[in-house]
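Trainee: So you can see what is in the structure, the chains are spelled out below.
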Amino acid sequence: MAYNYRKKKFYIIQCLLGAALFLLGLALAIFTESQTANFAMLLGGTFSLTGLISIPMMKIVYTPEEQKDETRKESIDLKDERNKRIREKSAWATQRVMLIILCIYVAYITFIPPFNLLTIILGWGLLLANTLLPYVYAFFYSKQL
Amino acid sequence: MKNNLEKLRKKQGLSQEELADILEVSRQTIGALENGRYNPSILLAFKFAHFFNLSIEDLFIYEEE
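Taken in order, these protein sequences are the chains called R and H. All the letters of the first sequence, read from the start, carry residue numbers 1029 to 1173 under my numbering. All the letters of the second sequence, read from the start, carry residue numbers 124 to 188 under my numbering.
Watch out, some of these pointers could steer you wrong.
[Stated by the list, open to error] Calculated cross-link-like contacts (lysine to any residue; reagent style SDA-like; alpha-carbon spacing at most 20 angstroms):
1. LYS1112(R) to SER138(H)
2. LYS1112(R) to GLY159(H)
3. LYS1117(R) to TYR1163(R)
4. LYS130(H) to ALA168(H)
5. LYS1112(R) to LYS130(H)
6. LYS1101(R) to TRP1120(R)
7. LYS1107(R) to ARG150(H)
8. LYS1107(R) to LYS130(H)
9. LYS170(H) to ARG1113(R)
10. LYS1107(R) to ILE184(H)
11. LYS1107(R) to ALA155(H)
12. LYS170(H) to ASN127(H)
13. LYS1112(R) to LEU167(H)
14. LYS1112(R) to ASN127(H)
15. LYS125(H) to SER164(H)
16. LYS1107(R) to ASN127(H)
17. LYS1101(R) to LYS130(H)
18. LYS1101(R) to ARG150(H)
19. LYS1101(R) to LYS125(H)
20. LYS125(H) to GLN139(H)
21. LYS1101(R) to PHE183(H)
22. LYS1112(R) to GLU147(H)
Calculated from the structure, these hints are not laboratory results.
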């Protein structure tokens, strides 16, 4: 019960934080004209995503007793080892496709005008993260498993 | 890897859905296992063995490729 209460509080805070940051990003993008506004918008958008992700989680926490059986089935599906393996394989395939798409995108924004330094930096940052993160996680999991 | 899951499940009079519910796996996993499309982890193999009160070797038959 206490665990559920903590989870509820966490999801509410996450949702509110996501919404607040999204509004902040939006307000900065509308009322200022600097490039910082674009960055703030991006930041707000990213955090609002965490809020959006928390909505289905809240659904699980707030489910009434009569729907618990359905929730249990959903939870079993989520934890099922075959489904986990399917997700891992799809994630790996998606990562490889995304890497190719990002390479094309970064080459496009870097070599074809008009050039925008902030967009180029963000693009390269994304490419770097997409390339390096699998190695970082592989290193982490090689110690764990 | 072959297995006797379907035979044993039917012997117990259980549907795939019921067995999946008892062992807390998805019904699709039971189907994939019975068809030999999916090889279970050692943990799941033990779960099955415990449920049917058999050893893993009696349940899953290893075939060298």
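Trainee: Against each hint, give a clear statement of whether it holds in the structure.
Mentor: Against the structure, the hints come out as follows:
no. : hint                     : result
1   : LYS1112(R) to SER138(H)  : 23 angstroms, violated
2   : LYS1112(R) to GLY159(H)  : 18 angstroms, holds
3   : LYS1117(R) to TYR1163(R) : 16 angstroms, holds
4   : LYS130(H) to ALA168(H)   : 16 angstroms, holds
5   : LYS1112(R) to LYS130(H)  : 27 angstroms, violated
6   : LYS1101(R) to TRP1120(R) : 26 angstroms, violated
7   : LYS1107(R) to ARG150(H)  : 13 angstroms, holds
8   : LYS1107(R) to LYS130(H)  : 26 angstroms, violated
9   : LYS170(H) to ARG1113(R)  : 18 angstroms, holds
10  : LYS1107(R) to ILE184(H)  : 26 angstroms, violated
11  : LYS1107(R) to ALA155(H)  : 16 angstroms, holds
12  : LYS170(H) to ASN127(H)   : 14 angstroms, holds
13  : LYS1112(R) to LEU167(H)  : 13 angstroms, holds
14  : LYS1112(R) to ASN127(H)  : 24 angstroms, violated
15  : LYS125(H) to SER164(H)   : 14 angstroms, holds
16  : LYS1107(R) to ASN127(H)  : 24 angstroms, violated
17  : LYS1101(R) to LYS130(H)  : 25 angstroms, violated
18  : LYS1101(R) to ARG150(H)  : 10 angstroms, holds
19  : LYS1101(R) to LYS125(H)  : 28 angstroms, violated
20  : LYS125(H) to GLN139(H)   : 18 angstroms, holds
21  : LYS1101(R) to PHE183(H)  : 26 angstroms, violated
22  : LYS1112(R) to GLU147(H)  : 14 angstroms, holds
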